[in-house]
Amino acid sequence: MKAQGFKGSFRQSMAWFHTWVGLVLSVLLYFIFITGTFGYFNAEVDQWMRPEQKVVAPEAMPTRQAMAETGFAYLRNAAPDATRYFISFPTDRNPSLYYYARLAEVGADGNNYINGYIDPVSGDKVAARETGGGDALYEMHYRLHYMPARLALYIVGIATMFMFISLISGIVIHKKIFTDFFTLRLRKGQRSWLDGHNISSVLALPFLLMITYSGLVFYTFDYLPGVAVVSMDISDATTEIREHLAPQFKPVEASGEQAEMISVRAILDAAFVELPAESVRYVSLENRGDKVAEYHIGQHSEGLSRGGALTKFSATTGQLLTDSYPAHAADVVFARGSLALHEGRFANIHLRWLYFLSGLVGAAMVATGMVLWADKRRTRLGKKGVAGSGLKFVERTNLAIIVGLPLGVAAYFWANRLLPIDLEGRADWEMHCLFLMWAASLAHASIRDLASAWREQVTLLALLFAALPVVNAVTTDVHLLATVRAGDWVRASFDLAALAFAAAIWLVARQMSPKVKQALAGERSDAAPVAGSRAGAPILQNRAD
Amino acid sequence: MVSLFIRSPSSNAAKRFRPEAVRHQHSTAIVEVLSIHILRRLGLSECNGLDGGLVENYSHQGLQPTGLTPYHLSIQPCRYMGNSATQRWNVVGRSLLASVGGFLFVSAVGGCLALLLAAAGLMPLAQAVHVLTLIGFVAWCAVAMWVFSAASLGRTALKIALVTVTALGLVFFLRF
Chain W
339 MKAQGFKGSF RQSMAWFHTW VGLVLSVLLY FIFITGTFGY FNAEVDQWMR
389 PEQKVVAPEA MPTRQAMAET GFAYLRNAAP DATRYFISFP TDRNPSLYYY
439 ARLAEVGADG NNYINGYIDP VSGDKVAARE TGGGDALYEM HYRLHYMPAR
489 LALYIVGIAT MFMFISLISG IVIHKKIFTD FFTLRLRKGQ RSWLDGHNIS
539 SVLALPFLLM ITYSGLVFYT FDYLPGVAVV SMDISDATTE IREHLAPQFK
589 PVEASGEQAE MISVRAILDA AFVELPAESV RYVSLENRGD KVAEYHIGQH
639 SEGLSRGGAL TKFSATTGQL LTDSYPAHAA DVVFARGSLA LHEGRFANIH
689 LRWLYFLSGL VGAAMVATGM VLWADKRRTR LGKKGVAGSG LKFVERTNLA
739 IIVGLPLGVA AYFWANRLLP IDLEGRADWE MHCLFLMWAA SLAHASIRDL
789 ASAWREQVTL LALLFAALPV VNAVTTDVHL LATVRAGDWV RASFDLAALA
839 FAAAIWLVAR QMSPKVKQAL AGERSDAAPV AGSRAGAPIL QNRAD
Chain L
165 MVSLFIRSPS SNAAKRFRPE AVRHQHSTAI VEVLSIHILR RLGLSECNGL
215 DGGLVENYSH QGLQPTGLTP YHLSIQPCRY MGNSATQRWN VVGRSLLASV
265 GGFLFVSAVG GCLALLLAAA GLMPLAQAVH VLTLIGFVAW CAVAMWVFSA
315 ASLGRTALKI ALVTVTALGL VFFLRF
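Residue numbers (my numbering), protein chains in the order written: chain W, 339 to 883; chain L, 165 to 340.
For the record, the hints were derived by calculation from the structure and aren't laboratory data. Wrong hints could be hidden among the right ones.
Have a look at the derived ranges for each label pair, beta carbon to beta carbon [unchecked claim]: (1) L:Ala-315 - W:Met-548: 48 to 58 Å; (2) L:Thr-250 - W:Gly-728: 14 to 24 Å; (3) L:Val-329 - W:Ser-347: 23 to 33 Å.
Note that the Cβ used here is the ideal one computed from N, Cα and C, for glycine as well.
Could you build the full structure based on these sequences and the hints that come with them?
Laid out in structure tokens, this is it:
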């Protein structure tokens, strides 16, 4: 009789595959989920982390033309030789003007660009503390940290592919997907972890599939260049594909001839004859100072697509170059839709919260999977079994990862308020604090007994988040009462969310106390094996699978 | 303690649960093992079709032996038995085949199909390449699952290699 498959039946093989594919890079996936989830509120976190940044009331906001003039005037002083200027207008989520200039040469800091925020009313650079803000936190989900961005991109790509395979194989092995949606048995040890893993994966399955696949679509040709390499000439492939994906962004080569630039106000005045001013998201000046220079006016995206309409004007003659492009092919519409879904920029505040919660559920799915794997091995050992160093290591690193990373995030926020304002490399030190706290969590988990370590770290996590509004009140003037009184609901929401998160962690800590006792029993049994075993728990001492 | 009982070969459980060596020794009966002790003692845990999870599932379902049958276990070690090094190399081989082999397979087949779509005038080459790359992620996932579910690593590798080489041959024909 022919053997059925690698590990028995197809479903059994996939169960094994799902376990290991999910487990191998689970640490990285958990990191990606937690940091990436902050991307849905990166601008809001930014505001909280820059308490000096003023919030301008909508009625006091200058016109788009005035703000563009202000921004370009600032850039002419800050980057007189730059070849590209870019100004992004304030939005509901960000009250400042964003500027970017591409320099002709690499600057002293090693970058060929400058960027930052300008007060839209005064035109001064926002004198906020140096901070990585919400952007640095969420960018880690694809750039990681302490490594070259390109390398990080590939590592994250591999993790994303693992996640995708794990999801599909997880669906294959799921016999009772509908039942699992409604099944959560608390305080049942391993069964609870399994239910938690199932419910978190089933509940957020559409989100998880979307976020994982669209994560691959972001860097389609970096992750899977093979199809293009096999079928196209390498020299032409990049240009042809770029023109297919974004015909409106076809780059124009500089002519080398200097020319006088028409003012940005004049161009916007002309553009606003047709375009509603509030629909414009940004204005940029390409090939600045050159005869072929162009003003690009980008609009907010409409519907489910990444990137809105683009209108181009000649910067030397003021002539409208084009405001319409060939319709995107279906595959490009699909890809842009996927990216828009991934980033959720179209989402209103309610949908943004749903995104945020789905991201946390994704992290919970990975975390419960990690705990379940270790717990299964622990259960198989029974009270009499002796856990190997591998299992002990996994149990302790599970704690340091699942609780340690949120502890690191809390430390990141605390560092934002407590580090000296004039500290050199302040933004870097904020990030160092995150990783130092994470390392401290691992050290603590290594030296304490497991049950105490869980209890102490979860309690510390709740305390750190609960005290965050207090630290904010002591160190800044944008405390919770002030922000609520001023109607600054973005900053107020951050403080309130920290309190809510602390309360939720506290409740979870209370729920898991029987589990902690069980883990404690497991720990003690290592030191002093007892006779007998639990009913239904096989005794295995010599194998780890 | 020996906890074994005999079930009909036609039962579903028996279909899923076939220790190779047991089957060879007792061709008319399939042995279903309800205790993991015996598996471990025999070193059968690494056999195809056997894993602790299945045995645990049985105990969760409350299945009990119908009676303790004195049974002389003159079972020869099956070919996978206890050979964890072989198992490890098998997993390494499958991992390589799923990753590198899957990448080459998807690239070759995707590239070939892109050229065919463009040659048939259904869409421009750049669009065909984009479409097939987007599909390629799903195909790569499917290949990885196939590799880790197939019984024989060698036969699967051979099939993947054959399709890849054929696709590359077609690419060569279409491009040059």
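For each hint, the structure was consulted:
no.: 1; hint: L:Ala-315 - W:Met-548: 48 to 58 Å; result: violated (34 Å)
no.: 2; hint: L:Thr-250 - W:Gly-728: 14 to 24 Å; result: holds (21 Å)
no.: 3; hint: L:Val-329 - W:Ser-347: 23 to 33 Å; result: holds (31 Å)
Violated hint for the displayed structure: number 1, the only one.
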